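Here the protein sequences line up with chains G and D, keeping their order.
Numbered per the numbering used here, the first sequence spans residues 1 to 446.
Numbered per the numbering used here, the second sequence spans residues 1 to 446.
Simulated from the structure, these hints should not be mistaken for laboratory data.
Treat the hints loosely; a few may be bogus.
Chain copies aren't distinguished; within one or between two, either way the pair holds.
To be verified - Derived pair list, reagent style DSS-like, types lysine-lysine, alpha-carbon separation capped at 30 Å:
hint, residue 1, residue 2
1, Lys186, Lys295
2, Lys377, Lys272
3, Lys367, Lys264
4, Lys286, Lys59
5, Lys431, Lys386
6, Lys390, Lys25
Small disclaimer: the values here were computed from a predicted structure and weren't measured.
There are 2 protein chains.
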Amino acid sequence: MQTPKKIAIVGSGLVGTLLAIYLKKQGHTVHVFDRSPDIRTVEFSGRSINLVMSNRGWKTLQDIGLEHEIKKIGIPVDKRAIHLQDDKLNYQYYGKDGEAIFSLSRGVLNRKMIDLAENAGAEFFFNRKIWDVSLATATLYEGETEQGEWTELKYDLVFGADGAFSRIRHRMQRQSMFDYSQEFMKLGYKELHIPANTDGTHKIDKNSLHIWPRGNFMLMALANLDGSFTCTLFMPFEGENSFEQLKDEATLVSFFANYFPDTKEVIPDLVKDFFKNPTSYLAIMKCYPWAYQDKVALIGDSAHAIVPFYGHGMNAGFEDITILNEFILKFGDDWNTIFAEYQKSRKPNADAIAELSRRNFVEMSSKTADEKFLLQKKIEKWFSDKHPDKWMPLYSRVTFSLQPYSEALAIGDFQNKIMEEVMQIENIEQKWNSNEVEQKIISLLT
Amino acid sequence: MQTPKKIAIVGSGLVGTLLAIYLKKQGHTVHVFDRSPDIRTVEFSGRSINLVMSNRGWKTLQDIGLEHEIKKIGIPVDKRAIHLQDDKLNYQYYGKDGEAIFSLSRGVLNRKMIDLAENAGAEFFFNRKIWDVSLATATLYEGETEQGEWTELKYDLVFGADGAFSRIRHRMQRQSMFDYSQEFMKLGYKELHIPANTDGTHKIDKNSLHIWPRGNFMLMALANLDGSFTCTLFMPFEGENSFEQLKDEATLVSFFANYFPDTKEVIPDLVKDFFKNPTSYLAIMKCYPWAYQDKVALIGDSAHAIVPFYGHGMNAGFEDITILNEFILKFGDDWNTIFAEYQKSRKPNADAIAELSRRNFVEMSSKTADEKFLLQKKIEKWFSDKHPDKWMPLYSRVTFSLQPYSEALAIGDFQNKIMEEVMQIENIEQKWNSNEVEQKIISLLT
């Protein structure tokens with residue numbers, strides 16, 4: 001156990017609440033602030049993408065005994081269901097038998113996590129706007145408006161778990177030697193909805209991540225416990241096949257009829273949802289350092305906001321907690337060293353998952369519709385099954401292993417070079433599982 | 001002439017004041033705000049690097065008839081004087097006969113520019129802190145402190161010429177779809193001073209940019225009109241040969257005696273200046289867009305802060321004004337189009353000079369001490385003199401031409417590939433100006 005401190009966490013999202021539970025376990029006083037109302041008391045926003053929990057996230061929950069509690073509200077997803085434009089449906093399994101990611105509704109999970117953190121003894125302060133922080137003294141400044149009266153709240157430590165648009169990071173940004181970047185995608189997203197059947201069952205396979213890959217845009221759907229699916233349409237803001245073009249009901253309906261014909265039956269409120277729900281932005285934020293002495297540290301999206309195409313935003317944030325906790329166990333009360341080692345260890349991995357996530361849009365929206373790409377994945381899986389000691393596909397490294405993201409990225413690039421050569425083999429379509437291909441891969445590996 | 005507008009410029013630096021003169025010429029009401037006191041009434045800061053004006057800067061001054069006025073306070077510099085550690089001195093001419101950049105004291109130039117802008121009718125408001133801007137209404141918020149009372153100042157247009165740490169850009173950064181990055185170098189700098197001789201003459205050659213290249217650090221000196229030199233020591237903050245190490249007088253003196261033996265006579269106040277003057281940071285800031293509708297635009301360092309190693313911060317800022325003015329002349333009162341075309345035209349060039357400047361540290365601090373590099377430059381100059389239609393060295397493109405920076409960078413990279421091959425020729429030291437080399441370059445060019 002550490003010497004008890006008075007700790008503030010800004011942000012009651014997934015990472016903030018789980019961190020609160022970890023810090024309570026160390027005996028600290030933990031106050032969690034959020035500028036929004038208690039999510040348990042309000043409707044969900046209509047701008048969410050369903051989450052997928054994979055091994056890194058489960059590991060963080062498991063270490064604190066919450067894995068089973070959360071698994072109850074998740075739905076295992078072991079494959080992609082790829083809806084081609086000609087109504088053909090392909091399945092692509094993610095890993096080995098039994099390996100699955102879990103679809104979770106962000107709102108349902110967040111509510112659950114706040115309950116759990118409250119049970120653990122963390123105190124929550126909702127509708128409390130933190131506008132600034134004094135880094136040297138771990139003092140928060142709270143008030144109704146940015147220009148109005150502020151109250152000082154003094155802590156021993158402050159964690160900024162306040163997401164991509166973090167106010168805590170915003171203060172750090174105005175320090176010398178603080179590197180920071182924000183980059184907005186030309187692509188936005190909109191939430192749509194597949195309701196449950198009247199008997200509460202799912203209208204399409206609930207154990208698949210459904211993708212309608214259409215090149216520069218795509219639709220995806222992930223199951224909820226109540227029989228519904230949360231769908232997300234990703235497309236450019238401007239240009240060909242863009243949000244800008246879908247301005248009226250007729251255009252929208254004909255666009256969906258053309259590109260997503262098999263959704264007609266399952267998205268009954270397309271028009272209403274499309275024009276009611278906001279079109280949201282996607283951004284990548286990077287920064288360094290993540291901590292100020294032994295006083296303030298960033299964690300989760302505030303330190304490394306990424307795009308959602310690998311399903312790793314939450315997993316990476318939870319893994320931050322795992323690593324932070326390792327250093328807490330190692331260095332005890334020396335918060336200076338804990339924060340220094342934490343940021344040094346996490347930064348290259350945060351950068352790697354940012355890169356992997358960026359690349360995965362192209363994989364999901366284009367490559368999954370490409371026969372050649374599916375064949376490549378099939379060969380990798382076949383070879384990996386035969387030689388598990390020699391080959392783990394990139395997706396499995398990222399999702400089903402705890403290997404640091406930066407290593408997974410480097411090895412993935414190396415493996416990809418090999419597969420590029422393999423795919424050049426004449427008649428690869430016929431002899432993809434031949435001895436020749438096997439030997440070729442083995443020779444390229446050494 | 002445009003329809004007269006009420007325009008605010010935030011920042012009374014070099015770009016802000018020159019822009020004020022241009023806008024006055026168009027008949028606008030121009031108010032220039034600065035959070036600092038009038039530089040004409042205070043001592044200089046002791047953290048400046050001398051400026052060098054080159055063709056792009058002169059062009060902007062020339063177009064408004066101020067070239068001769070400013071040339072009077074500059075000193076032509078036609079070469080590098082490279083001080084090697086063994087006291088050997090090499091000269092490397094920048095361009096052709098008569099081609100020179102001009103050394104200018106930042107303070108002296110800035111004072112002069114404010115005088116000129118006042119004469120042109122711009123109104124200056126010093127010690128007035130602008131904390132925020134409403135982008136949609138071009139309203140500035142001014143007050144004593146960030147958290148205190150603010151006064152609203154309504155304008156038709158606002159220019160953010162408020163430098164690398166721009167408050168105007170800071171507001172833009174909190175908009176969606178605004179890309180932004182700040183990156184601090186591991187390298188800092190400190191101003192030192194070579195005083196004039198008692199008779200007012202310069203102690204070392206005033207028409208040279210003096211460099212003491214020492215690998216990961218360097219000293220440089222640029223002449224002032226009063227016989228003195230402004231020196232700048234660039235070195236890492238930490239590690240071997242760093243500011244961190246030069247903690248006391250004895251270490252500093254022995255460091256300079258070892259690495260810069262020939263400065264002993266000319267920098268008499270080394271110890272005093274070194275410990276009095278601050279160690280300053282170097283940062284690269286990039287962003288996009290630069291403008292908000294027809295209301296607010298960034299210009300100069302606020303849009304593109306770069307490192308000083310190409311001597312182009314001011315030149316790039318002045319060129320912003322040239323380009324902006326071209327679109328003013330073309331599009332008249334259509335400020336929406338003026339701003340849109342201005343940012344589209346300038347962004348790739350700002351990115352290019354940022355990259356060129358970053359690379360030039362290595363050229364100045366390491367390559368200028370490398371015989372092979374100096375030979376390469378000699379070959380380029382020789383070939384360029386023989387075939388001016390076929391080859392202009394990169395430095396000349398950037399500094400003595402008005403070619404867009406982005407083109408200069410691309411052609412420079414192409415030329416560098418050619419020179420890499422040329423430098424591989426056996427006995428290139430002996431036959432550098434042979435027919436063989438000439439024909440080789442010609443063949444590689446086509």
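Point to revise | Hint numbers contradicted by this structure | key: Hints 2 and 6 are the ones this structure does not satisfy, whereas the remaining hints hold.
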